[in-house]
Structure formats: C-alpha cells, structure tokens
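S.K.: Chains R and U, in that order, are what the protein sequence lines are. Counting in my numbering, the first sequence runs from 1 upward without gaps. Counting in my numbering, the second sequence runs from 1 upward without gaps.
Take every hint as true, because none was put in to throw you off.
Because identical chains cannot be distinguished in the list, a pair is counted as satisfied if it fits within a single copy or across any two copies.
With a cut-off of at most 20 Å between alpha-carbon atoms, the simulated EDC-like pairs for lysine to aspartate or glutamate come out as follows:
1. K35 to E150
2. K30 to D316
3. K96 to D336
4. K30 to E359
5. K341 to E359
6. K96 to E349
7. K205 to D252
8. K35 to D135
9. K341 to E126
10. K367 to E283
11. K132 to D143
12. K285 to D334
13. K13 to E169
Simulated from the structure, these hints should not be mistaken for laboratory data. As the structure is a computational prediction, the values presented were derived from the model and not from experiment.
Protein chains: 2
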Amino acid sequence: MAISPLAPDAFPKLPQIDGVRFASGAAGVKYKDRKDVMLVELATGTSIAGVFTRSSTRSSPVLDCQSKLGGSSDDRAAILVNSGNSNAFTGSAGEKSVEAICGTVEDATGIPKSRIFTASTGVIGERLPHDKITDKISDLATDLSAFGIEGAANAIMTTDTFAKGASAEVLIDGEVVKIAGIAKGSGMIAPDMATMLVYIFTDAKIEQPALQALLGALTDQTFNCITVDSDTSTSDTLMIAATGASGVDVTDSAGFTQALHGVMLDLAHQVVRDGEGATKFVEVKVTGAVSDVEARQVGLSIANSPLVKTAIAGEDPNWGRIVMAVGKSGAQADRDLLSIKFGDVLVAENGWVSPNYSEEVGAEYMKQQDILITVDLGIGGGIGTVWTCDLTHGYISINADYRS
Amino acid sequence: MAISPLAPDAFPKLPQIDGVRFASGAAGVKYKDRKDVMLVELATGTSIAGVFTRSSTRSSPVLDCQSKLGGSSDDRAAILVNSGNSNAFTGSAGEKSVEAICGTVEDATGIPKSRIFTASTGVIGERLPHDKITDKISDLATDLSAFGIEGAANAIMTTDTFAKGASAEVLIDGEVVKIAGIAKGSGMIAPDMATMLVYIFTDAKIEQPALQALLGALTDQTFNCITVDSDTSTSDTLMIAATGASGVDVTDSAGFTQALHGVMLDLAHQVVRDGEGATKFVEVKVTGAVSDVEARQVGLSIANSPLVKTAIAGEDPNWGRIVMAVGKSGAQADRDLLSIKFGDVLVAENGWVSPNYSEEVGAEYMKQQDILITVDLGIGGGIGTVWTCDLTHGYISINADYRS
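Bound-form chain R, shown alone (with noise of 0.2 Å):
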C-alpha cells in the first residue's frame, strides 16, 4: 500500500528512556515478511497506567489488562502485542490465548503473569494462532535491547501506512525527564477513553495513581479528539510506563504534563494523517458553544459527517454541509449567530454566507493539505477542537476488500 500523502518525511529519533528495553520478530500472525510481535520490558518500579475502549464487545487482552493495573510495582513487567488479528470476540480461546501468551513470556523472562499486559490488533473474531507467538517469544526475551522501539512501533502496525513515534525531553528542577511513545491506527478510529494501540514510555517517577489520573485527563485533550471513521474498536488499547529512573518525581508538574500532552497529540495527529485513504488533514474548532462538552460534540458532528469529508477530499468549500452538521449535532445552536472559516477566510455569519466571501477564495484554501475549519457558535464560552481526515475513494477500496 502506497505511503500516506500525510507521512512525516521519516520515523523520528526517539530518545532512549531507561528501564525501558525492546525486542520485535515476525511470527506470521497473518503478515507474511513483515515484524508483528514485539516484547517490552519494563524495570522493577515503574508505574504503569492504561486506558482503554468502552466498547461492550472488548477483546480479550483488553479485558485481562484493565484487570492487571494498579498491582504492586516491585517486579518487572513486561508488554506483548502482535498485529495481524486482534484476538477480539473469540470466546474462551480467546482468554486461553492471553494466558498462553502470559505463561510463555513469565517462562522466558521471570515476570510474573501479573505484571505481563498484552494487546492484539487486526481482524476480529478469528481465533489467535497464539503458538505462532509464543514459539518466538524466547528469541525476543534474547534480543530485548534499549534502542529496539523503531522495530517495535513497525511490528505493531495494521493498515497503517507509516509507524507513528514521538518523544519530548523536559527540564524539571533541574533535571533531564524523557517521554518516548508508538502508535499504531488508521481505520475504526474514533477513540472512546482510550485508541488504537499507543505506548509511552518516560523515566519520570511518578505514583501509578496520580499517573493513571494524568493518563485520562490528557486522553480527553488528544486521542478522545480525534476520528477517521466514527467506528471504535475493539482494542482500544492506550498505555504509559514511567520507570522512575530518571528519579525526578512529576507529581503534579506542570512541566511534565504539558511535555506529555505534547507527545500524545503528536502520536494522535500521526494516527489521523495516517486515516485510511486520507489525502487532507483537518482541524475543527469550535468556539462559543455553551459548554466544552457541547463544543466537541458539535467539532465531531463536522467530523463524522461523510458529507463534510466528501466535500473536503473533493476540495470543494461546501460550507452549507458544515452548517448541516452543526444543525444535527444536538448542541445548542442558532442559525444567525453562527459564523464559520476556513483558514483565515471568514465564509459565513449572521445566518449567511459573509458579503466578503468569494467562492474562488474558499476553493482555493481547500487546495491545501492541511485544512482548519473554525465554527464560532456565538452563544457561550464553551471551545473544541477535534481532528479528522477527508473521505475519498482510497477509504472505500482499503475497507471493501481488507479481509478477503
């Protein structure tokens, strides 16, 4: 599949993040000549937090990894996933699998099941030929090595087109905090409390508690704002392991949130470029709602609209069709006090498209990659802002025939 035309130029240099060790492999899951396993192991006493989808039909490694957090943090601990098929909606084989998978990687490395967190991603409902898996997890448990994060963003990648990384290095007090986080999602984005697969990693020593809050309320800001198809999975799958070595506590430091919030956006927005098909990637805020609640729901009305979508890939500045989706939002909202943007071009208002507006200006903003669609509601305080991609004909060919 050709690369996405969104791509950063290349996967970025990720800082190494002590404690934190990797290995990858290709196991043939279901991808023949590509990685699809990769191992991490995490040093006694970090603090891993996770969230993860709210769908009811959650795959098994979901369910056993909501189960594990929050334990002790005096042993080691360790993350599996494999792409290729998601372990999701397969019965009791399906928890067999993660038990399997669970002993295998406590046989070979000495952490203890209760401290292994596993994923799978790709297809749903087939049973996992876990033994493909754990015939190389003893290889992994060999090859871990601090500088093996690239291979591992690589093996967990489905439809993506690239491998998402991102990384920030903070001062505090003094002192050099890293963050260091993969991704992988193209397709059945639309993240609720959690996304896709997403491990971050800092050497930040913080509380599992107080990092747990952290994970959530940034959740909230970034991956809970995004969306390519309005379709959430069921794997959902977003963690983060601070290992403490850097031994600077973050504990409520400003510094450090807005370091990671940093990460988090940038991994979100590397999922949203990378869309199934997309060709443009754009931004929707949305300021004077009533609330910021009713604010995001009027930016993901915009965004899920496959009308808004077709109109962007077609570049084509159908602002009427952005009218629509904030009509049908069910956020408050009053024709005449709307005004709406594309860019800096002021296209409606008072319940009217703009005396100042020349179609020939609004198409010729659409051209462009990158697309930022303001809608002021006029009536409160209340602001969003969610990110999505266009729909075109590359999303319709990619999902038409991805099982077959």
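Given the coordinates of chain R, work out where chain U should sit on it, guided by the hints.
M.R.: Relative to chain R, chain U alone:
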C-alpha cells in the same frame, strides 16, 4: 446519473385522492430541462399534519411550515415545493423568499397565506432565486389536475435517480379510503423526527390533532428508522393532508393506521434504495435488547458504521465489524450472549463464530442485493429494525463534486 440498481421497475400507479390536485413545471432554479417546481391544491376542510427536521439550522421554509400547522381548515390549502436550492442558511433573504412565494400563490389561487406550505430542497446557503418560481405560479395554478401526482414526484427530486410513490386502499366500515404519497431523498439521510421531503394525501376524515399524533407515532417506526449516511438534512419535511372527501372518519382506526404505516414504510424504503451510490438494500433487525430504544440504537450504530457498510459493498461477510458496531453503540450488550445472523445463516453465538458457520456460505449470502442482518443481544425483550444501504465508490463520486 444512472438509475439505482435497487430502483423499482416503474413509478407505481397511484389512486386519485378526492380533494387533491397537482401541477408541476420547469422553473430553471438550478437544473436545466427538467421539472423543478410543484404545486398541490387541497380542498376546504383538509386536515394537515407535519413533522420536520430537528436540526438547529433548519431552513426558512421549515420554520414557516411549523408556524402554520394546526390552524383552521375552513379554507383550501396549498403546498409549493422547489428543487435545486434548499433556501437554508440564507438569513433574512430566505424568509423574504418564502413570503414572496406564499404571496404569489395566494394571488394566483385565492388560498390564504396562512394555509400555504412551502419547501425547498437542494444546495444549502445559496440565495433562492425566487423570481424564477413566482413567474411560474399562475401557470401552475391553471394546470392543476387530479392526475398530476407523478409529475409532482419528479419535480421534487435532487440527486434522486428515480421518483418515489406509494399507495394503499383500505376498507373501513364498508367504505374505501385511499392513501397516496410521494417522497424525495437520496443523500443527507438520517432523519430525526422527519425526513427529506415526503407528501402523503388521503381522502380520510380525521381532525388535525389526531392526524398529527398518528403521523408522529408512525414516523418513529418508518422514516426515523432509515439512514443512508448519518447526515441529517436542514430541510426534512413530512406532511400529510387528509381531505375527508371519503366521508370516512378514521380516528383510532387500526386499519387506516396499518395502511398509512405501509405507505410510509414503502416510501422510506424507496429513499434507502435510492441512497447515493447504493448497490445493496440492508435491513438490520435487533432483538433481545434491554429496551426498544436501545435496540434501535444498536441498529443505527450498525447501519451507520462505514466499516460495516463498506464490507457489505465488498460482499464480505465481515461479522467482526458488526460486533464492533454493537460494542460502540453505547447500548447494554454482553459479548458472550450476542448472536448474529446473515439471512438464515447463523454466524456468531456464545461470544464467538458459530461452530457450523462456513465462510463460503456467508460469502454466498452477501452476493444478494437485499441483505438481512439479525442481531440478538440475548439480554431483554427490546426490538427494533432499521434500514440502510451500502457505502460505495459511487457515494464518494457523487459527494466529492456534487456542488462544483
């Protein structure tokens, strides 16, 4: 544009409704060489009920119609509809256009403005060139005929590929009561209280409040259960006019309710069968939910899922995506109690693929033009059925350059 492969063979033969006359013509609002305006005259004493979009950005004609419902029926009434321009989000100019059209109809027919209902359908946000319409009104008034319903059905089409009509005749207390209806709609279809444009006529006798209540209840079982693309129009209008000419009082008549339900469901299905780019007609039946409301919620989550709809377009029996859509719906569900059928083929049960399911049988079923998906949640007595179509390259082609 090619006619939908799901279209009926021909426009149906509709009965004349005593007290109703139609005219249609070509005003050149936007389209060339086709009818784009229709006028309906309704006899004195006609009860008129309507349901409309709940969009907060609804159009001037919708607001005007809503203000006029429930008035006296001591005069004749009229309905004037144009296609090609929706007169939505056109500020005070939109209201002036409605006023100009109603005034001209009053002059040409002698019907008071308070009994004149208009609708406009087409592009949003462009000023309605209402002079083109008012110039035609005296011709339309002269042409009124009891036989003009098919012309009217053609005049209100936009991206529709076929005109939509349905009828019923029902015996009540030994007397025949007739119902005839027309509809337009193809994209921006996710009705909320009403839908696109639908006009239904009957010679039944029924007071306006009873007719309004009946229409609302039946809309919830018909037009509010269809979706093409999850986008709700700013112009959705469904009106029914009961002339009373049969002399048969149908208040609380189970026979009339059933017949009207049948006409509304037929028209609703025709709208889905003309869904933009549609190649498959899909019925999603949900049983075993905790309530009827949650059953419809699950049904719409499946019917609006782009991943489900593209799988159907690709004739892929991808039931994993149905599991996903159930999971994201927000309705109560238990992965291990869920069962899914394609037609009579049991696909999934007990939290996994059915032991007797064969992918070949599933794939063969998906080749049909009409697809039935049944989901039993296994936790309660709630039921609901929704109807949709597949999502194809045709939808993208139509909407990436509809306005340009």
